[in-house]
Amino acid sequence: MLFDYLKLSSLFLSLDSKVIRKYKLRLVFSILQTILVVALFYFISITFGEVSRIKSNYFPFVATGLSFHFLFSSVVNAAGEKIREYRNYGVLEEILFTNYSPLLIFISIGYQSRLIGMFKCIITVLCIDWFFSLKFNIFIFLLTFLLILTLSTVLSLISVCSFLLWKRANIIEFVGSLFTLFLTGIYFPIEVLPKWLYLISKLNPLKVLLDLFRSSFGLSFSKNEQLNQLDSTFYIFVVILLLLMFSLIFYKYTINRLKKIGSLSSF
Amino acid sequence: MLCLDDFYLDTIFVFLAKSISKKFDKLIFSDLTINANYGEIIQVLGVNGSGKTTLLKCLAGRLDLTRGVVTLDKLKLRQTDISFVSCDDRSFFPQLTVDENLIFFKKFYNSKIVLNEWYDFIKLTNFKETEYQKCSTGIRKRVAILRGILKESKIYVFDEPFSNMDPEFKEVLKKIIFDKLSSDKVIIIFSSNIVIRHKKISQNIYV
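Sequence lines, in order, name chains A and B.
The first sequence: position 69 = 141 (the working numbering), numbered continuously.
The second sequence: position 41 = 42 (the working numbering), numbered continuously.
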């Protein structure tokens, strides 16, 4: 199983590299865009100076959020985007009905986008470190990095299944954007939200994960109810387990449904 | 309860699709029994839209049956046992060359087949380095057939391999199906909307 996973991941990665070589500028612009977004928030931060709500300069707050967002969203959407691409090419059916289980295929595809996401995350981290000398805790950072990768991989499986079931509409992509944009505290502290949204945000595992991520840089912006690192890790771990169970049931249902209605080949 | 017929069919035939039915919004086929032994070649005949591809996809395990089961050597058919040769000309990576596409699928299937030998036989040598999106429909079909052959299996299912083929390649394809691929270790099933006559075809199934 592990051997097959490694073999498939490297095979799809080499395939994606061959494709992206034909569109060299796509990769360059993607990296440039990341630097531009970080630069944009840097200048916004200079404009506003220290923000009383977070009792700090805005830049480290938003840059850590962006770094988290680049990594999380790229991993969640990587497999779904590949499925969409393969479906448009017409190769999806050929890839799914082979000696390997579709589950193995779903978790093996899109590694290039995941690696680009990790690269963007690290660029942003380096930018934060460049401008601010932070107390960087490598252990907490790696733990958070691993938790983000695991959570987003599980969510990517749900995303792939939802995309296969509902064709062009990806519900997970929409819900994910809603959560990351408004309820995670990437661009603004959740304390500014209306009370009912604030309560939802507090339970949002992405928010807890982002707090943990920020704490690896020695940063803490939330004034109240900050979970400690151990509690946060445990909470995320439970969420991952629950989502994993749900994603496997959803995956089984999706494959059975697709084989029954035959929508895989008639996209 | 296992009746005598079941026992008889199971004993005699290695490949068995017994009383299979498929229904989408309307019934596609019902109560169809197909059985074969290694070395046999089956031709599925029917007009356009009669459900040939659906039947083949059901036999290949790509679609679930509404009723019935397909078995090989008394076990439920697995994807490792079957190669479904889709002759759809839009099922490759368009930006990659023919060779890059086929090398990917060769690795993907763990195939031991030497591609260069087949390029010569299937007359693809001159198109190896051509981007797939720049290939003509006929060339794309040859590439699809070669991909199907790459997946070494016990059963080969070809979906309308002879349609839209020039006469020269039709003969090459007949050699592939009836001589090169056919052996006492494989079963070949292919669909067609025109009757193909060959002494090795053991059954004609009308859909």
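A portion of the hints provided could be inaccurate.
Stated by the list, open to error - Here are a few chain B residues that face chain A, going by a calculated C-beta distance under 10 Å:
| no. | residue |
| --- | --- |
| 1 | F25 |
| 2 | Y39 |
| 3 | N49 |
| 4 | L64 |
| 5 | T67 |
| 6 | R68 |
| 7 | I83 |
| 8 | L97 |
| 9 | F122 |
| 10 | K124 |
| 11 | T126 |
| 12 | N127 |
| 13 | T131 |
| 14 | E132 |
Hints in this document: simulated from the structure, not taken from any laboratory.
Glycine included, every Cβ here is placed at the ideal spot set by N, Cα and C.
Legend entry - Those earlier numbered hints the structure runs against, lowest number first: Of the numbered hints given earlier, those the structure breaks are 2, 3, 6, 9, 10, 11, 12 and 13, listed in rising order.
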